[in-house]
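Enquirer: Given chain A, work out where chain B should sit, using these hints.
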Amino acid sequence: MSASAASRGRRLPSALPWILPVAIVAGWWGSTAFGIFEVHQMPPPPVVFESAQNMWARGLLQQDVMSTVARVLEGFAVGSVVAILLATLTGLWRKGEEAFEPTLQALRTVPTLAWAPLLLLWLGIDEPPKVALVAIGAFFPTYVNLVAGIKGVDRKLVEVARVYNLSDLEIARRVVLPASLPSLLTGLRLGATQAWLFVVVAEFFGAATGLGFRLTDSQQSTRVDLMFLAIVVLAILGKVTDSLIRMVERRMLSWQDTIGQMSAEKAARETELRQGLP
Amino acid sequence: MSQPLAIAKLRKRYGDTPVLGGIDLEVDAGEIVAVVGPSGCGKSTLLRLIAGLDTRFSGEIRVADSLVCGPDPRVGLVFQEPRLFPWLSVSENVAFGLRDAATPRARDLVRDTLGVVGLTAFAQALPKQLSGGMAQRAALARALVTEPQVLLLDEPFSSLDAFTRMRLQDHLVAAWTRYRPTLVLVTHDLDEAVYLADRVVLLGERPGRVQDVLRVAPERPRDRRDPTLLGLRVALLEALHLERSQVGVAV
Numbered sequence: 001m002s003a004s005a006a007s008r009g010r011r012l013p014s015a016l017p018w019i020l021p022v023a024i025v026a027g028w029w030g031s032t033a034f035g036i037f038e039v040h041q042m043p044p045p046p047v048v049f050e051s052a053q054n055m056w057a058r059g060l061l062q063q064d065v066m067s068t069v070a071r072v073l074e075g076f077a078v079g080s081v082v083a084i085l086l087a088t089l090t091g092l093w094r095k096g097e098e099a100f101e102p103t104l105q106a107l108r109t110v111p112t113l114a115w116a117p118l119l120l121l122w123l124g125i126d127e128p129p130k131v132a133l134v135a136i137g138a139f140f141p142t143y144v145n146l147v148a149g150i151k152g153v154d155r156k157l158v159e160v161a162r163v164y165n166l167s168d169l170e171i172a173r174r175v176v177l178p179a180s181l182p183s184l185l186t187g188l189r190l191g192a193t194q195a196w197l198f199v200v201v202a203e204f205f206g207a208a209t210g211l212g213f214r215l216t217d218s219q220q221s222t223r224v225d226l227m228f229l230a231i232v233v234l235a236i237l238g239k240v241t242d243s244l245i246r247m248v249e250r251r252m253l254s255w256q257d258t259i260g261q262m263s264a265e266k267a268a269r270e271t272e273l274r275q276g277l278p
Numbered sequence: 001m002s003q004p005l006a007i008a009k010l011r012k013r014y015g016d017t018p019v020l021g022g023i024d025l026e027v028d029a030g031e032i033v034a035v036v037g038p039s040g041c042g043k044s045t046l047l048r049l050i051a052g053l054d055t056r057f058s059g060e061i062r063v064a065d066s067l068v069c070g071p072d073p074r075v076g077l078v079f080q081e082p083r084l085f086p087w088l089s090v091s092e093n094v095a096f097g098l099r100d101a102a103t104p105r106a107r108d109l110v111r112d113t114l115g116v117v118g119l120t121a122f123a124q125a126l127p128k129q130l131s132g133g134m135a136q137r138a139a140l141a142r143a144l145v146t147e148p149q150v151l152l153l154d155e156p157f158s159s160l161d162a163f164t165r166m167r168l169q170d171h172l173v174a175a176w177t178r179y180r181p182t183l184v185l186v187t188h189d190l191d192e193a194v195y196l197a198d199r200v201v202l203l204g205e206r207p208g209r210v211q212d213v214l215r216v217a218p219e220r221p222r223d224r225r226d227p228t229l230l231g232l233r234v235a236l237l238e239a240l241h242l243e244r245s246q247v248g249v250a251v
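Going down the list, the protein sequences come from chains A and B. Quick note on my numbering: the first sequence kicks off at 1 and runs consecutively. Quick note on my numbering: the second sequence kicks off at 1 and runs consecutively.
Same shape as in the complex, but just chain A (with noise of 0.2 angstroms):
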């Protein structure tokens, strides 16, 4: 490869992450074009795009989309600071950890949808059931990932901060905190899959907007377009997310020396690199 192809190649983002999108909906607007599946089994690409424009019109898209965003929001919010709370306590606290963690680790082996009907049943169905459902989806990814984290802190580090005679406290604030916050991350980020996976559900479950009511509804009245924009809306969220979830991440553990880090400095340097280039 020549030198100056070398070049283009780095400077062009790669095409490579956009090959299997464009394939499956190749795959799919193919699959009814050559009469593989009936245009009412699989609605091709023009026809849910139009369906979304129709949406949008009637403002039907905005409201679905913002309901389930808020949804998932608010129960990400309150799952994920009851998880960092829960996990801080018993992962710092001896005491913490045998008052909670068996109870816990049982709860967790319930599957958490197994909740939705008594969530239902409790707490009637307006908003709270659905955000509690989906705080109860965020919750547990990041509480196990932050006590393992925690569990995990090097003690060769622990022990730099007991020569200065620090306190227990400082101790965790200054050295085991930061030290789990990778694990944090992580968890945040699975939790994060789990909220959208449980927003889903609950709005399966007597809602009047969302997108997970759209699915329903939709499949009610068979508009299987409406099914198809629902999903395709759901997983440009859902991807959202999580590279807003990365880029935090990125940011915040420039200071790991992993291979994840090394790549995304590898590229900093590069965008250096070129800019300083004439």
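Be a bit skeptical, because a hint or two may be false.
[Said to hold, decoys possible] A few chain B positions that, by computed beta-carbon distances, are all more than 12 angstroms from chain A:
| no. | residue |
| --- | --- |
| 1 | D65 |
| 2 | L84 |
| 3 | P104 |
| 4 | V116 |
| 5 | K128 |
| 6 | A162 |
| 7 | R215 |
[Claimed, not checked] The calculated lysine-lysine pairs, modelled on BS3-like cross-linking and capped at a C-alpha distance of 30 angstroms, are:
| no. | chain 1 | residue 1 | chain 2 | residue 2 |
| --- | --- | --- | --- | --- |
| 8 | B | K128 | A | K151 |
| 9 | A | K156 | B | K9 |
| 10 | B | K128 | A | K156 |
Hints in this document: simulated from the structure, not taken from any laboratory. We put the beta carbon where it would ideally sit given N, CA and C, even for glycine.
Expert: Structure of chain B alone, referenced to chain A:
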């Protein structure tokens, strides 16, 4: 002036295994003492006890005439590995042990100490950007910045290549000249022991006891090629071999 470090009848056991079998050692102000001995003789344990990281022992350890019963700000410790906090910059790592790290005085102290170990240009670097020798210099700076009366070093250069190790030994001498702490250096490198120390304390096989004490006469700055040092090295080697053959007879 009070004795910076005095150890009397120090014994330590891990479960049923005695590790230190009665150590008596007094170190003068500004003196450099190297502790050498076969592996497992309790050299590192001795430092952990002086640093107050482990208080389950019998006997007495006094730092500046007060009994050790926990970590003491007058005692600093440099570990075998740098143990830098990876999320803090070099200067933040150095400032870690300072109570008033945000004040201008503390910032000046950190800058000066980084100058002593030759890391001024790397103050804002992250630990992952440092070489092994630089990381250990940063660790040395972190221990020096609080100006401890007694500085303990646990095989601080053992994981470095020979060339870097010699450079770091000279950094240590420079730092000692500047701060004049009482230094206790555990090492398995006999050249290092005779090059750096005023006295070399030889511990015997476990449970460790003081087997022999060699005084290193030459004034600083020393020359590594000094025949006196080479002679001392041979004497140490013989003492260590004697130690081993005695065990051989016993077994």
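Enquirer: Determine for every hint whether it applies to the structure shown.
Expert: Taking the hints in turn, this is what the structure says about them:
Residue placement check: B:D65 keeps its beta carbon more than 12 angstroms from all beta carbons of chain A (closest about 19 angstroms). A cut-off of 12 angstroms between C-beta atoms contradicts the statement that B:L84 is not in contact with chain A; the least separation is 9 angstroms. The beta carbon of B:P104 sits about 21 angstroms from the closest Cβ of chain A, which is more than 12 angstroms, so the claim that it is off the interface holds. Taking the minimum C-beta to C-beta distance to chain A, about 20 angstroms, the non-interface status of B:V116 holds against the 12 angstroms cut.
Against chain A, the non-interface label of B:K128 is violated: not every CB pair exceeds 12 angstroms, the least being about 4 angstroms. With a closest Cβ-Cβ approach of about 25 angstroms to chain A, B:A162 is found to remain outside the 12 angstroms limit, as its non-interface label requires. Annotated as non-interface, B:R215 keeps its C-beta farther than 12 angstroms from every C-beta of chain A; the closest such distance is 30 angstroms. Using a Cα cut-off of 30 angstroms, the hinted pair B:K128 and A:K151 holds, with the two alpha carbons roughly 23 angstroms apart.
Pair hint A:K156 plus B:K9 holds up; C-alpha atoms about 29 angstroms apart against a cutoff of 30 angstroms. The suggested pairing of B:K128 with A:K156 holds, with an alpha-carbon distance near 17 angstroms, which does not exceed 30 angstroms.
Consistency note: the structure conflicts with the earlier hints numbered 2 and 5.
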